[in-house]
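Asker: Sequence:
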Amino acid sequence: MLGLRGLLLLSLCLLHPGSAQVIEFESHGLKYQTLTKSSITVMYAPLPSRLREYSILQVAVSNGSAGPYVIKPEDFYYLRNDGEKLRGTPAGDVIAMLMRKGTANDVIKLVSLYENTLYGIPHMRSNNGYEQRRQAALTFGGSKMRAAITASALALPQVKLAPGETTDGAVFLPTDNKSLGPGHLEVRTNTDTFEFKLEE
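The working numbering runs 606 ahead of the 1-based position in the sequence shown.
If you're looking for bench data, these hints aren't it; they were derived computationally from the structure. One thing to keep in mind: the hints can contain errors.
Claimed, not checked - Derived DEER-like restraints, expressed as beta-carbon distance ranges:
#1 R686 to R658: 27 to 37 Å
#2 R706 to P654: 36 to 46 Å
#3 S671 to N783: 30 to 40 Å
To be verified - List of simulated lysine to any residue pairs, SDA-like, C-alpha gap at most 25 Å:
#4 K678 to L692
#5 K643 to S785
#6 K707 to E771
Beta carbons: idealized from backbone N, C-alpha and C, even for Gly.
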């Protein structure tokens, strides 16, 4: 089975200039979609569980272009078929919520959910992602502090990717404890709009 880096490279190889086609695949029970435009590859899968009022997307972005590329959670929009629009929540807002409400159970749920999916992808090679943020995070304080620190490692931050770099993280969408429902995901950047359909 291909790892994340291999899947992102395969996406680039399958596409020729001027075309953009969503590629779908399954890995460890998750349904991933990936799309490449302007040498930037975006891959995502909705995670099966929610954290409090948020639905979570596992996201990876690879910069195959010749210049730097900025990505942030607010670039992600989920448009439900009923017309409601959900925007990715800045990592700082998710962390602040967990500082107020976080529990030890939130920590266990976050880590188990994300690591089971992330480490289920063999040969994961993100050089600006969760694993690097996790190693840099300190594990001290009470459960609210641990939940906030865990979220800070998991959440996709605003990041500037150099050419050849890849990042991964969780994008939190405010869904008030409901499922995402049918709709489509848009990732709007300064160069392109990436569109993915989702049917639950």
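Asker: Taking the hints in turn, state whether each one holds.
Answerer: Hints and how they fare:
no. : hint                     : verdict
1   : R686 to R658: 27 to 37 Å : 19 Å, violated
2   : R706 to P654: 36 to 46 Å : 25 Å, violated
3   : S671 to N783: 30 to 40 Å : 38 Å, holds
4   : K678 to L692             : 15 Å, holds
5   : K643 to S785             : 29 Å, violated
6   : K707 to E771             : 34 Å, violated
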